[in-house]
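All chains should be modelled from the sequences, with the hints used to inform the complete structure.
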Amino acid sequence: MKRIAEPALLAAALVLPFVLGATGNEFYVGVATRILIFALAATALNFIVGYGGMVAFGHAAFFGLGAYTVAILMNHGITAAWLTWPAAAAVAAVASLGVGLISLRTRGVYFIMITLAFAQMLFYLVVSLKAYGGDDGLPLASRSALPALDLADDLHFYFAVVALLAAALALFARIDAARFGRALAGIRQNETRMEALGYPVFRLKLACFVIGGAVAGLAGALMANQTGLASPNLLYWTQSGMLLVMVILGGVGSRYGGLLGALVLLGLEEWLAAITEHSALWVGVALLLVASFAPRGIAGLLAGRRNG
Amino acid sequence: MLQLFLEQALNGLQFGLMLFLLAAGLTLVFGIMDMINLSHGSLYMGGAYLAAAAVERTGSFALGVLGAVAGMIVVGALLERLVLRRFYQRDHLAQVLATFALILIANETVRIVWGPQPVMLNAPEALSGPVEVFGFSYPAYRLLIIGVGLGVAALLYVLVAKTRVGMWVRAGAANREMTEAMGVNVPRLFTAIFALGAALCAVAGALLGPLLAVQVGMGENILILAFVVIVIGGIGSIRGALVGALLVGGVDTLGRALLPTLLRSLASNEVASNLGPALASILIYALMAAVLFWKPQGLFPARA
Amino acid sequence: MADLLALDGLAKHFGGIRATDGVTLDVRAGELHALIGPNGAGKTTLIHLVSGALAADEGSVRFDGDDVTRLTMHERAGRGLVRSYQITSIFPHLTALENLRLAVQSRRQDWGSSFRFWQPAARDAAMTEEAAALLAEVDLAGRGTAQAADLAHGEQRCLELGMALATKPRLLLLDEPLAGMGREESERMAALIAGLKGRVTVLLVEHDMDIVFRLADRISVLVAGRIVATGTPDAIRDDPHVRRAYLGDEIVPIDRTLPPVRAQRPCGLPLHGEGRRGDGT
Amino acid sequence: MNLLAVEDLAVSYGESQVLFGIDMTIPEGEVATLLGRNGMGKTTTVRAICGLGGVGIRAGRILLAGEEIGGLAPDAIARRGVALVPEGRQVFPNLTVREHLVAFAANRSDTRDPWTPAKVFDFFPQLKDRAGNLGNQLSGGEQQMLAIGRALTTNPRLLILDEATEGLAPLIREEIWRCLAALRDAGQTTLVIDKYVERLIRLADRHTIVERGRVVWRGSSAELDADHGIWHRYLGI
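Residue numbers (the numbering used here), protein chains in the order written: chain A, 319 to 626; chain B, 4 to 307; chain C, 440 to 720; chain D, 128 to 364.
These are calculated hints, taken from the structure and not from any lab test. Computed from a prediction, not measured in an experiment: that's the story for all the values here. All residues carry an ideal CB built from backbone N, CA and C; glycine is no exception. Please note: incorrect hints may appear among the correct ones.
Straight-line C-alpha distance at most 25 Å; calculated DMTMM-like pairs for lysine to aspartate or glutamate [to be verified]:
{"hint": "1", "chain 1": "C", "residue 1": "Lys607", "chain 2": "A", "residue 2": "Glu509"}
{"hint": "2", "chain 1": "B", "residue 1": "Lys165", "chain 2": "D", "residue 2": "Asp249"}
{"hint": "3", "chain 1": "C", "residue 1": "Lys607", "chain 2": "C", "residue 2": "Asp442"}
Facing chain B, from chain D, some residues (calculated, C-beta under 7 Å) [unchecked claim]:
{"hint": "4", "residue": "Cys177"}
{"hint": "5", "residue": "Pro201"}
{"hint": "6", "residue": "Asp202"}
{"hint": "7", "residue": "Gln217"}
{"hint": "8", "residue": "Asn221"}
{"hint": "9", "residue": "Leu222"}
{"hint": "10", "residue": "Glu226"}
As structure tokens, this is what we get:
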């Protein structure tokens, strides 16, 4: 089942823009790109929440920092994606290392709140950068440049996003099966026992937090390219809430949880906006229903149906 | 300079007291029911809108506030009975999802009823002017807010510290099962607490309405401040909420007023006016991070 | 024999309660040393202090000559001071084999660190082999693919012991390994513990006096946070001071027909489901 | 007249069944005990009687003065006159001693001479000195006295003590035994769990021994005192 599902999924993602093009819906290539970028950010958050067992409520900060890194570098004339995108991930990684070093001293609700606090600090810090747009954000002069692909072309950019998302999903699956991922699984289920076994739990969790932060930074770099703007709103707490909602909606700790969550939430928004003025109301109702009746999210629903 | 400081200190007190009204309900719900309620800010928004509607209908500010309080008590109790109660036993993630959904629903409902534009809520005519205090003039309406805030805080203190219901609430926060075993109907107590929290939100929403804009989304901005307050104070502690609220209100207001001035004496004008407001906003989050770093359970942990 | 573990004046207070009140105790290399005492005597607290789960207020813990009082639990574990848990502490959603492999993987000195992100752990053949061997050693051969949560209580206790062994401890702290077991299961576990003698030094906390007196090389008696006696099983059995102190209830005449220590055993064996949160603290 | 009657009670904890048909009665004014090794179902029985969480009643009935209370909410059971002094005492860390005695005060047995906070302070003079202290500032013995006092202020028809003297120093234990004897002499119906069988024989009228969730023996104090084989077989003594 799974062996067929994954290549099929990838094939569908690759064929999609041609179908949209053939049916005169090119506009939706942009929509799909945006959804997949959020899917990447949510997948990164899911690595922290679902694999590492840490409920972080400030992930948008790393997402936003990635966007700003690309925008600021471009502002200084550096446009090469192979430079700026890794730089975005690196900046986000450094930031998440700092945040994690302090936040991981706390547990549970306090961890939720302290990660939120740091994200808000970064939000206000970015707002104060008047040289880089302040409240209004920093526009990108163009898309980042790659030797082989023409990223300014929406189709090429879409393929780049698909490739990076697929790579990230594969990477996380690989990590999960490796020693590091097994250690995380142990920490998630019984942290005290892992300590007693002699695992450096703090450093393992920190590494998990940093990896998740770095991938979110990469997603931010893509987002800046997609919208042509690094906006402070990318770092605001409601954005962190949205990412967390995607993860919970899709399925915490499920490999495709982030992807499913972004797909369903943003897809639902897009669809409802087309048919009703008050789409947010129905999105809310849908989320409430999922929260009430699908404790393991959409991934749980799908798995449940397959097993049952 | 002294006058500026005093005036800003009063502003900080006023803001802190309003934050306390929001944080008091939030900390009880959080501490006792172990429930993260992101939609608490929506109750505040609901209170402001109801007050605006009631003032317009009755022409009386006082009646408007009372109407908002009565309305939000009903809304709060219904919300608890029909929706939130299902999530007490669930994990925090499910609570985040559900109450985030409630924010979306609340915002859109308000938009449907009152439209997307901000609505007007004016301070009562009689209090629109300034009065003399400590040798300088200060808006009378803000003094009213301080007065009401102090009064409600005192009432809450008596309720929680001196009455049997208050003892149940504290006992319930520390050990729910034992409280039930002593004969307290905890589910009913929860509904009452939630309704009380909604009433306090309504007071804050109605009183702050004339100062801040009554608009969709007003709850989200202040919600996070309320969370900061209760985390600083210690989740579940009313005393902690009061101390935390006054700290956050004071630090935020004084920081905004004084930091740019302070920076100007250290750096260029331009840097100061750019950096000042941001630093002031960051201040309270830095405060919270610092508190959690040294006291990971907040200043007044409710559970020993 | 040299002392592998030496506690000196170890104390821990909770509010006004002195859970551990100046414990001085030596465990010699290679011995099986049992710690007994009535409920609430502070045995669990002492285990926490030795393993590093709690920080001592006073006194010191020396392990193999080094002062480890200030080390964290995982640092002590890294030196070979390893505990098992009274309330079964396993990874419920991993299989029995994965539980053991994770425990084996914890030995950095043999395998290198867990910061490996690419190679699937399941393909580490040597690690898997060792985990499988341990599985057999603790009588769980054939249960490797079962989720730990689905194992019977006695099997979970065996798995728990296996995980502690997987770390190749030099000193193993066993906290009530027989808790909640039936007679047969207890005997099976006792045989497993007996099999450890000579291979690994053990500090055993256990309520089942039959088995303690059969297994232990030496016994220490903890009452109200203090060690009141240490000696061979025979010496402890005959020590009138121990009898009186251990019973704690001087008024009760000791005229039962059964051997004295057993006779006054405060009925032992906590079982899962009975909501105990450790004794006395 | 039986104040408490437990009839063929079967109970599960989560997935697994823990009690398999417990029968037990306590006549008005008597003291009964539940005996057995740890983990044999004593605390589960108490939790089922009090309606506390996690315990699911699969079969059987629990009658308080003839009225079915099995499956009621814990607060409803408490208001009908059952008061628990739980294992581990569980005083409220953030309430003062006086507040413990005021918060839940009621007269649930309609007695003419009800327990009041003042009367509890007379009963436990030690608590009076600490009236303003918080629950978590007390020693273990004081906490147990407070837990008993807290239960008494509800004037319960049935008082239940789970591990009445566990973890207490010998002298304090004696004081608890004296106080339980005084309550018995005042006519308080009581169910006690403890491990000091000799003391329980002197205190109580009737005893029930559970093993692996079943009643394996029941009888009077005289019968239990006479047959030490029972002690050995079921209590490991």
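Next item on the list: List, from low to high, the hint numbers that the structure doesn't satisfy.
Entry: No hint contradicted; all consistent.
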